[in-house]
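2 protein chains.
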Amino acid sequence: MTLKEWVAIESDSVQPVPRFRQELFRMMAVAADTLQRLGAHVTSVDMGSQQLPDGQSLPIPPVILAELGNDPTKGTVCFYGHLDVQPADQGNGWLTDPYVLTEVDGKLYGRGATDNKGPVLAWINAVSAFRALEQDLPVNIKFIIEGMEEAGSVALEELVEKEKNRFFSGVDYIVISDNLWISQRKPAITYGTRGNSYFMVEVKCRDQDFHSGTFGGILHEPMADLVALLGSLVDSSGHILVPGIYDEVAPLTEEEINTYKAIHLDLEEYRNSSRVEKFLFDTKEEILMHLWRYPSLSIHGIEGAFDEPGAKTVIPGQVIGKFSIRLVPHMNVSVVEKQVTRHLEDVFSKRNSSNKMVVSMTLGLHPWIANINDTQYLAAKRAIRTVFGTEPDMIRDGSTIPIAKMFQEIVHKSVVLIPLGAVDDGEHSQNEKINRWNYIEGTKLFAAFFLEMAQLH
Amino acid sequence: MTLKEWVAIESDSVQPVPRFRQELFRMMAVAADTLQRLGAHVTSVDMGSQQLPDGQSLPIPPVILAELGNDPTKGTVCFYGHLDVQPADQGNGWLTDPYVLTEVDGKLYGRGATDNKGPVLAWINAVSAFRALEQDLPVNIKFIIEGMEEAGSVALEELVEKEKNRFFSGVDYIVISDNLWISQRKPAITYGTRGNSYFMVEVKCRDQDFHSGTFGGILHEPMADLVALLGSLVDSSGHILVPGIYDEVAPLTEEEINTYKAIHLDLEEYRNSSRVEKFLFDTKEEILMHLWRYPSLSIHGIEGAFDEPGAKTVIPGQVIGKFSIRLVPHMNVSVVEKQVTRHLEDVFSKRNSSNKMVVSMTLGLHPWIANINDTQYLAAKRAIRTVFGTEPDMIRDGSTIPIAKMFQEIVHKSVVLIPLGAVDDGEHSQNEKINRWNYIEGTKLFAAFFLEMAQLH
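So the protein sequences, as listed, match chains A and B. Each residue of the first sequence is one higher than the one before, counting from 1 in full-length UniProt numbering. Each residue of the second sequence is one higher than the one before, counting from 1 in full-length UniProt numbering.
Excised from the complex, chain A in its bound form (with noise of 0.2 angstroms):
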């Protein structure tokens, strides 16, 4: 099974070590060679390589554009995917290993199963229906897969600007199957997603650590600076702190509440399928509007300090703390890290530290939304009420998904989202999953759809 093989590549794109990066080229070489048996014109364009924070040079791995089919009386359907993943790390919470897909009561364990491997997996076999089946493909397909988007899809914008003229000129539509559904069983359509500025704020006493009993006590300590100015950005209910930040958030109409109204939640499973005990909102339109149409702050985790089991008496010497704010319409990228700073820099500056700040804002990714109406929209509806029976769920996600942006904003084609994993599959997290039904019957939907759009063409 090509999807066990695949999970099988570690292609971790965010820890930037060679290894996971020689991954990266293989996953990449072992899904062109793919489409080539499938009788695709593949193109693998060299990335060039990408300079760290640090100094350290690692090479991007290659963009995989393909086309299959050239009717100029059919439309032309672009599909976008990427194969690179999060980190995994087996022992931290993983029941399988990370890296072997592992079926337990019809559930494919394992690091990119849902995220994104399976979804490009399905739309692939879709193509392969027809093949099997000798059967002309209803539209001509083009794919463009890369391998950074976990890292912030590096170099891509620039790969998408260069091919606007060429390789996305005869595009009439792209669709991107990179996030969930809401629920567990009924379809979505998606709409609209969330951008996302990530940001890094070090504090430095020295590059050493210190012993808590030598010098605990008249030590601006780095880590009580980090911890309140962590503190200082969102408050228990979820509000940011940060001055500004909600001034350019698209005002609620009654219209868009309604649509939040029409959808199917039901908050019960959700909460029982999240594993969660209770929500900060208690009402369906509130969860939906605090992951769609509000911004979001996570604190991540903080670099340099003692994160390891046991008890370790040490002060230390620098470290960084790490926090992302999940932006929406029609939120700025640039204002909101000039926000960020100046809240940082006056809350630091209050504590009289002779400690160093810097803050940086490493990724800033724009939110995305798009007109419902559109050929393709309708198309993916009428397949999903093929395939599965029912009206689907329409959806924003609160992920980012900065290509969908990116493909509107540069090549002004029409983008669709149609997601094939159910709300639980744990897509970041450990023990992430896709179920075997959303796999197969998602590589159903793929076929229904190209059929859809051939006559609605």
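It should be emphasised that the hints constitute simulated quantities derived from the structure, not laboratory data. Predicted model only: the values in this text are computed from it and were never measured. Built from N, CA and C at the ideal position, the CB exists for glycine as well. Watch out, some of these pointers could steer you wrong.
Unchecked claim - Heads up, incomplete: computed chain A residues facing chain B, CB under 7 angstroms, no partners named:
| no. | residue |
| --- | --- |
| 1 | D209 |
| 2 | H211 |
| 3 | T214 |
| 4 | S236 |
| 5 | I240 |
| 6 | S298 |
| 7 | I302 |
| 8 | E303 |
| 9 | S354 |
As the list claims (entries may be wrong) - No more than 30 angstroms apart at the CA atoms, straight line, and that leaves these computed lysine-lysine pairs for BS3-like:
| no. | chain 1 | residue 1 | chain 2 | residue 2 |
| --- | --- | --- | --- | --- |
| 10 | B | K186 | B | K381 |
| 11 | A | K381 | A | K261 |
| 12 | B | K350 | A | K278 |
| 13 | B | K204 | A | K284 |
| 14 | B | K413 | A | K204 |
| 15 | A | K261 | A | K284 |
| 16 | A | K381 | A | K405 |
| 17 | A | K284 | B | K350 |
| 18 | A | K284 | A | K186 |
| 19 | A | K107 | B | K204 |
| 20 | B | K261 | B | K186 |
| 21 | A | K350 | B | K284 |
| 22 | A | K405 | A | K186 |
| 23 | A | K350 | B | K405 |
| 24 | B | K356 | A | K284 |
| 25 | B | K356 | A | K278 |
| 26 | B | K284 | B | K381 |
| 27 | B | K261 | B | K405 |
| 28 | A | K356 | B | K162 |
| 29 | B | K444 | B | K413 |
| 30 | A | K356 | B | K405 |
| 31 | B | K413 | B | K162 |
| 32 | B | K204 | A | K278 |
| 33 | A | K284 | A | K405 |
| 34 | B | K107 | B | K186 |
| 35 | A | K204 | A | K338 |
| 36 | A | K204 | B | K284 |
| 37 | B | K444 | B | K4 |
| 38 | A | K74 | A | K444 |
| 39 | A | K350 | B | K350 |
| 40 | A | K204 | B | K278 |
Chain A is already provided as a structure; the job is to place chain B on it using the hints.
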């Protein structure tokens, strides 16, 4: 050179993993062998095993009890030392391999070089010198050497209690050399140490992490709770905010202030050697008092959050914050435990978080203070005059050497701390070292001390 061989053994007692435990057992066996070859009568006491919070059980390395000489007309001095070390991670700031003793400009770099393998060997070398010269030892010598000091001297107290009327019955004085001078060149004698209380505060939503895109905005995020809890502990001037924490701190007398004034401490040199731009206090007296006679609170780090380089958009599902409070006379460990727990419960309850919080004190060590007019204090002063040609600084230590307090309370014998290492040795931090000069003069000092003890006893 024996110090090189001893440093090469990765006897890390802090990280509770089998590999390091095996190294600890090897370390104790090597030391027992060295003492046996010196002619000592050596017993390696089986210490049983240790139950960890996660249910794991690990064996505790044996404690060495050794005796050399049994002349009832002579005094008996017992030397305490430990051969376990703090964790050391090459790459994380170490310029040389921490487990390869490396000499650079007269400095011997390596984990354990100054804490505490070097001083233990200096004592052994002093004894060897008398042996090599075929001279009678001026005093009877006993050794108690353990391998769990950095992990809180697990099970040692029970052993000392048990040996009170056996191994310790003939002991007149106890010497410990497990701390540092407060200057680069001037020796010191230590008559007090701070205690320590190490806390873990766990905040849990669920045992799996979340993706910040999928859940950011609707969760009581454990990191937000934890950062608020840690931020409530100490202000930017180093003042501890736990109610009642200063209640039992010994009142400051005029006489005590005078002892600080008499101490030689070049603040400029101290700052330079520490590579700290600015301390919390500007005078010698304030700095000494906040290191020795006032409590301090340090935040060490967070377990379970994202701690690696790069950017990961994770919401950690459960996190453990680690901090400790250094205790001074006459603070009480169990009172402090109650105060801290109550304070954190207060702060947490005000957040109305749906997460679970658990506070635990995993280590509680009493402060210690001695009578500086005891015989062995006078002998140590005279030996220092002989070897170094100067009066020692009479100091306390901000670090915890719980064994000092324990010997005083259980064995009822006078305890003295005679440090050998310079202020910039970097115990517990990266690039720990002992100066070759300190190591050799320290050996002479111990030999001179034996002779002075024989005279004064």
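In ascending order, which of the hints set out earlier in this document are inconsistent with the structure?
Violated hints: 5, 14, 23, 28 and 30; rest satisfied.
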